[in-house]
Amino acid sequence: MNGSSNSEGSVHAADDQPEWALFTGMPEKPVEAGESDFGFIDSKGVTSTASCVNDLAEKIGKSRESVDLVWTPDSERMQVTEEVPALNKVILNRRKKFAERDISDGIRMGLVFGSMLIYTLYAVWSNGAKTIESFYTNQLTGLAALLFFIFGLLPFYEGWKLRRSLARLDVSSIQDEIPDARFDVWLRRQSIPVTWVLLACLLAVGLVQLYIDRGSGGISTSIQQAGQLKKEGIKLPNIDDAHAWWRVLTGGVLHGNPIHFLMNAVGILYLGRRTEALARWPHMLIVFVSAMWVGGIASAKLLPADPAVGASGGLMGLLGFLIIYEGLHRRLVPRSVRRRLFAGVALMAVMGFLGMSFIDNAAHAGGLLAGMMYAWLVFPPSFTARRPRVMGKDKVVGAAAGLALLAICALACSKILGIS
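Just so we're aligned, residue 1276 is where the sequence shown starts under my numbering, counting upward by one.
Among the hints, erroneous ones may be present.
[As the list claims (entries may be wrong)] Derived pair list, reagent style EDC-like, types lysine to aspartate or glutamate, alpha-carbon separation capped at 20 Å:
{"no.": "1", "residue 1": "K1372", "residue 2": "D1445"}
{"no.": "2", "residue 1": "K1576", "residue 2": "D1488"}
{"no.": "3", "residue 1": "K1304", "residue 2": "D1459"}
{"no.": "4", "residue 1": "K1372", "residue 2": "E1452"}
{"no.": "5", "residue 1": "K1371", "residue 2": "D1445"}
{"no.": "6", "residue 1": "K1337", "residue 2": "D1377"}
{"no.": "7", "residue 1": "K1334", "residue 2": "D1349"}
{"no.": "8", "residue 1": "K1436", "residue 2": "D1455"}
Derived from the structure by calculation, the hints contain no laboratory data.
From a predicted model like this one, the values you see are computed outputs, not experimental measurements.
Turn these sequences into a full structure, and let the hints steer you where they fit.
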């Protein structure tokens, strides 16, 4: 396999511009454009028309949804809002509203989950906790801290950061954000069938888990049957294959609960989309499966006492891959968009610290490093704006990785259902 930078597809990027920066990188105007010269499409795909640019700005300002694309007589195709100077003021006003909303939501949810955190800390203390370790190893305390961070501190910080940046932002500087906006819209409109198949496989395993685990307590039946049990398997003498080699793989397609699945699914949908769009589908599958495997091994070696399940190793592999891959192909993605990946690593590190009593940080680290190593070994640095072409051997290895994933999911389902 290699990362040769030849173009492919119906749209061929020029050497000096990535696809999202081209005129053809934005979609054509909708049929409603024949009825009105102005209009927009929001994040839910709802189309609205306007009589003039002032009416367009007014309607965008009143919209509760984020606005992805607009059309005006000045362009033959759709544009991002940042490309229309007449909309700059309404963009700033909307961002101010979003910032205040995030701050308000962060304060409200912070009070709720902060109270929960204080209560769990008090409960641990009242039960005779003598050391600091007793507090941060308690799962309820860790869960409360994680919820406080995700739904309280994080939105408050994002709102505060946005409000602070708006204080230094003027109307003219919005033009500097056009590359970011175009890339985001372009990425959301890319076809990602293989990522959807990956999620469908994980969902199928999750549904089998829900069916088998109804009413079970302790370590759920599905995890006993197909999870990575490690030393916990000693306590389950009724499980003959508690330490089977294949559990390193099947544990990566199981999840502890629906929330665990949904959180991973959201991350895989975005990172899988970005990987499949920029590096193509074979590399997305290869990275996910190999990182899931390496993450499972890291978990078994570094955290041998705690059972482990979840696709987080594969998820972190995609994140690590993109960090290196986009660094090697700097012209493919705007610099500020690349920086978001490092924010993702920092976010996972904080979440891993707060939830260390139930989050498998070893699998996260192993998957992250596996994805980074794969990108570094496979792709040479590139100075072109073109996306790499899918080579024949890439497709063969990618298809093998896809078949391996299907086999792992099928094995997990058969073990959960007790089918030998």
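Hints versus structure:
no.: 1; hint: K1372 / D1445; verdict: holds (16 Å)
no.: 2; hint: K1576 / D1488; verdict: violated (28 Å)
no.: 3; hint: K1304 / D1459; verdict: holds (18 Å)
no.: 4; hint: K1372 / E1452; verdict: holds (19 Å)
no.: 5; hint: K1371 / D1445; verdict: holds (13 Å)
no.: 6; hint: K1337 / D1377; verdict: holds (18 Å)
no.: 7; hint: K1334 / D1349; verdict: holds (19 Å)
no.: 8; hint: K1436 / D1455; verdict: holds (18 Å)
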